[in-house]
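Chemist: The chain contents come next:
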Amino acid sequence: MTRRGRAALKAGVWIGCLSPLLALLYRYWTNDLTANPVSFLTNTLGDWTLRLLLTSLALTPLRILFGIGWPMPLRRLVGLFAFFYASLHFAVWLVIDQFFDWPALLADILKRPFVTAGMCALTLLVPLAVTSTAGMVKRLGARAWTRLHRLVYVSAVLGAVHFIWLAKVGRVTPYSYAGILALLLGIRAVDGVRRLLRRRWNSPSHLKGDTRMRTSLREWARELVVLAGSVFLVGGCAHSMTADTKMLDKGMTSDDAGMATDKGMSTDKEMRQDTGMTQDQGTEKQ
Amino acid sequence: MPIGRAPRLTEAEVTDEAIYLNRRAFLAAAAAATLALGGSPGSAGAGAVPSALGPLPARRNPRWSTTEPTNRFDEATTYNNFYEFGVDKDDPARLGHLLHPRPWTVQVGGLVRKPARFDVDDLMKLAPLEERIYPLRCVEAWSMVIPWIGYPLSALLKRVEPLGAATFVAFTTLLDPEQFPAQTPPLLGFGGLDWPYAEGLRLDEALHPLTLLTFGMYGHVLPNQNGAPIRVVVPWKYGFKSAKSIVGITLVREQPKTAWNTAAPQEYGFYANVNPTVDHPRWSQATERRLGEFRRRKTAPFNGFAEEVASLYTGMDLRRDY
Chain A
1 MTRRGRAALK AGVWIGCLSP LLALLYRYWT NDLTANPVSF LTNTLGDWTL
51 RLLLTSLALT PLRILFGIGW PMPLRRLVGL FAFFYASLHF AVWLVIDQFF
101 DWPALLADIL KRPFVTAGMC ALTLLVPLAV TSTAGMVKRL GARAWTRLHR
151 LVYVSAVLGA VHFIWLAKVG RVTPYSYAGI LALLLGIRAV DGVRRLLRRR
201 WNSPSHLKGD TRMRTSLREW ARELVVLAGS VFLVGGCAHS MTADTKMLDK
251 GMTSDDAGMA TDKGMSTDKE MRQDTGMTQD QGTEKQ
Chain B
1 MPIGRAPRLT EAEVTDEAIY LNRRAFLAAA AAATLALGGS PGSAGAGAVP
51 SALGPLPARR NPRWSTTEPT NRFDEATTYN NFYEFGVDKD DPARLGHLLH
101 PRPWTVQVGG LVRKPARFDV DDLMKLAPLE ERIYPLRCVE AWSMVIPWIG
151 YPLSALLKRV EPLGAATFVA FTTLLDPEQF PAQTPPLLGF GGLDWPYAEG
201 LRLDEALHPL TLLTFGMYGH VLPNQNGAPI RVVVPWKYGF KSAKSIVGIT
251 LVREQPKTAW NTAAPQEYGF YANVNPTVDH PRWSQATERR LGEFRRRKTA
301 PFNGFAEEVA SLYTGMDLRR DY
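If you read the sequences in order, they're chains A and B. Its first residue numbered 1, the first sequence is counted upward by one per residue in my numbering. Its first residue numbered 1, the second sequence is counted upward by one per residue in my numbering.
Be careful, since some hints might not be right.
[Stated by the list, open to error] Calculated cross-link-like contacts (lysine-lysine; reagent style DSS-like; alpha-carbon spacing at most 25 angstroms): (1) A:Lys168 - A:Lys111; (2) B:Lys125 - B:Lys158; (3) A:Lys168 - B:Lys298; (4) B:Lys257 - B:Lys114; (5) A:Lys168 - B:Lys257; (6) B:Lys89 - B:Lys298; (7) A:Lys138 - A:Lys10; (8) B:Lys89 - A:Lys168; (9) B:Lys158 - B:Lys257; (10) B:Lys114 - B:Lys125; (11) B:Lys158 - B:Lys114; (12) B:Lys298 - A:Lys111.
Hints in this document: simulated from the structure, not taken from any laboratory. Predicted model only: the values in this text are computed from it and were never measured.
Only chain A is shown next, with the shape it has when bound in the complex (with noise of 0.2 angstroms):
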């Protein structure tokens, strides 16, 4: 490709994924962003990081599946731009939903899976946004700035779980998510298998030495764990809602139990000195 072609390519990025900000900009100053603003802000930046990161982790399968390679170097690129959303998503929530209330936001933290789920898929961004450079390329060396950006599978997966356990029943669009991730990754599982497979088949037994016998069994793990994981996404979604919240439930109803034996008394006593609150209020004004 020309480097005008390549240019022209990047400026497209640029553009494409700086449209949703600018669309909720102009919702913005076009009083449009619905009768609850944090929330709908929250939601699109969400589902913005979602198919941003979906976008970059499907170039690959795109090589894989149709041999079309050049969007390979936009992966990057497009990774860096779902940070920035998530970015943004976290900086609302920050910010505008709970205004640093560092207690509230610790217990979410802590206390709710999709909070924690959520929070750890950012967090491991955090050092593939930080290596994106040429230079950090350099400085760690190919290969362990690859292994290193291996991260993004797991980051993403923790990212599709998020979504599905805050939505509400009822809701496909997360489990969408998750099915087109799986599906990703499952393309990238099959096409390593494959690639191990041929590479047995056409090397002589005789060449083979030990090192390099051990060298394909480690790649043929690697393969098996990121397909094994594929296929538990795509099974967990097939699955269905009811066996998500049930699992999730099960862990909360013993937490909410032990709260319940803890605190019973307290907010019992709470609940009352409420009442009474209201009460004397009421006698003032009369």
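Position chain B relative to chain A; hints supplied.
Modeler: Structure of chain B alone, referenced to chain A:
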């Protein structure tokens, strides 16, 4: 004695509100240009009400109204949970036109001496209509203040004369996929709620003077997306307890199956009283976002009606019966 409390606003909050209203001013002007302003005597500053909605005059009842400022009409009609139309907040406003609120009948029966089928227009005349300003607290931790129009459900229940065995009241929403598109079974078998939407109250809750059989809001008949032509409003409970577009009211002996409680019992209790000390498994109920306000506010026990309704639950563990 009025239950309305003076709004506890700090200087900062008042400023926020002013900025907010100012920011909205030109939107209101635009709305006024396209929509005829409907006169709504009881609800000044409610925003433009489309003239297509018939006026429904009613005198405000301050005894059972909060003094907090009401939300705008457009807020109350564009941000709704009404899963019969779809799961998104704008689905009810977008698809509400599919619902035909006339002619409409409501079957009131079960364990009553005088079961009857009412035309909704007759039902509207059963008792004097009054305006009640209630805060509506959604289980999703947001809230708005809405001027409803109706009369206490107890007036209707007394008319049909409940039998001694009646302990609960079950509400049934219309089942008709033609009018409620989301009632069509989904393609992938992804379950949501079981249709028709079912809700229920204990009889003493249903007879409480706060429980409003509702026909209108903002001085007009109910818009379709808000549960036309007839719904209940139970202001001390989370919003999903207030059944919309009701076709059946049945008095029963056993606690009835209710839609959200059946779909996710660990998340949505049968009682569902607004309670800041009992969290939803996935989020805290300690605070809420009042639509139109910048900062979250503390959630009040029983949504501010503790004085009126707490006695209904004496001896109950509201952590267990959430």
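Chemist: Check each numbered hint from earlier against the structure, then list the numbers of those it violates in ascending order.
Modeler: none
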